Amino acid sequence: MSATETVLIPLDNVDPALVEDLLDRAFEPERRTRTAYKVREGMDWLPGLSFAAIDAEQQLVGTIQCWPVALTDENGRAHPMIMVGPVAVLPEQQGAGYGKALMTAALAALDPRAPLPQVMIGDPEYYGRFWGFTNAGTAGWNLPGPYDKHRLLVRCDNPAVLPKSGMLGPWLG
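In my numbering, the protein residues as written are 10 to 182.
Since the hints were derived computationally from the structure, they do not count as laboratory data.
Small disclaimer: the values here were computed from a predicted structure and weren't measured.
Yeah, the Cβ is synthetic: ideal placement off N, Cα and C, and Gly gets one too.
Take these hints with a grain of salt, some might be off.
Ranges between beta-carbon positions, derived for each pair [claimed, not checked]: (1) Y46 x T143: 22 to 30 Å; (2) R122 x A65: 18 to 26 Å; (3) D30 x S174: 32 to 40 Å; (4) A65 x G141: 27 to 35 Å; (5) L27 x A169: 37 to 45 Å; (6) A26 x Y46: 31 to 39 Å; (7) D21 x T42: 36 to 44 Å; (8) D24 x T143: 33 to 41 Å; (9) G104 x E50: 25 to 33 Å; (10) D21 x D120: 31 to 39 Å; (11) A148 x E50: 45 to 53 Å; (12) A169 x F139: 21 to 29 Å.
Capping the alpha-carbon separation at 30 Å, the derived lysine-lysine pairs in DSBU-like fashion look like this [to be verified]: (13) K47 x K158; (14) K109 x K158; (15) K173 x K158.
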């Protein structure tokens, strides 16, 4: 199946156990110890921005989840954002266009009237080239655990509104 034939459905239409199995296969069970899990701890993913990719045999081959998070600046003000990811595709299906289709769908589902900045931990060259994510402006941001600073990315219509520093965590607002 090519990316143009990819069938995407809302993630909340998929059995959560199947999603967890796919995430374990894509990232291994140790994924739960990663810093991204601490950033979104206690939050539920956003159904309107989270999707599943289904192959020609009606099998789950990929997922994307988006989460409500916030960057809390030094004055204690929370700046709401959307954390994109994980983007997960079964190892044997990677390179078939499922990940690109999932990313494109999630970003296209954002409300253009009030788009929140999107943040993710990922490869700046890849996510920058296709979707405009950048690590410019995130150097002063912190996460609740170890991460590669150059992999903390943001996508925002007006980067001037982003705080220069702060701690990224769950959006409790």
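Hints, one by one, checked against the model:
no.: 1; hint: Y46 x T143: 22 to 30 Å; in the structure: holds, 23 Å
no.: 2; hint: R122 x A65: 18 to 26 Å; in the structure: violated, 36 Å
no.: 3; hint: D30 x S174: 32 to 40 Å; in the structure: holds, 38 Å
no.: 4; hint: A65 x G141: 27 to 35 Å; in the structure: holds, 31 Å
no.: 5; hint: L27 x A169: 37 to 45 Å; in the structure: holds, 42 Å
no.: 6; hint: A26 x Y46: 31 to 39 Å; in the structure: violated, 18 Å
no.: 7; hint: D21 x T42: 36 to 44 Å; in the structure: violated, 26 Å
no.: 8; hint: D24 x T143: 33 to 41 Å; in the structure: holds, 36 Å
no.: 9; hint: G104 x E50: 25 to 33 Å; in the structure: holds, 32 Å
no.: 10; hint: D21 x D120: 31 to 39 Å; in the structure: violated, 18 Å
no.: 11; hint: A148 x E50: 45 to 53 Å; in the structure: violated, 24 Å
no.: 12; hint: A169 x F139: 21 to 29 Å; in the structure: holds, 23 Å
no.: 13; hint: K47 x K158; in the structure: holds, 16 Å
no.: 14; hint: K109 x K158; in the structure: holds, 23 Å
no.: 15; hint: K173 x K158; in the structure: holds, 14 Å
Checked against the numbered hints above, the structure violates hints 2, 6, 7, 10 and 11; every other hint is satisfied.
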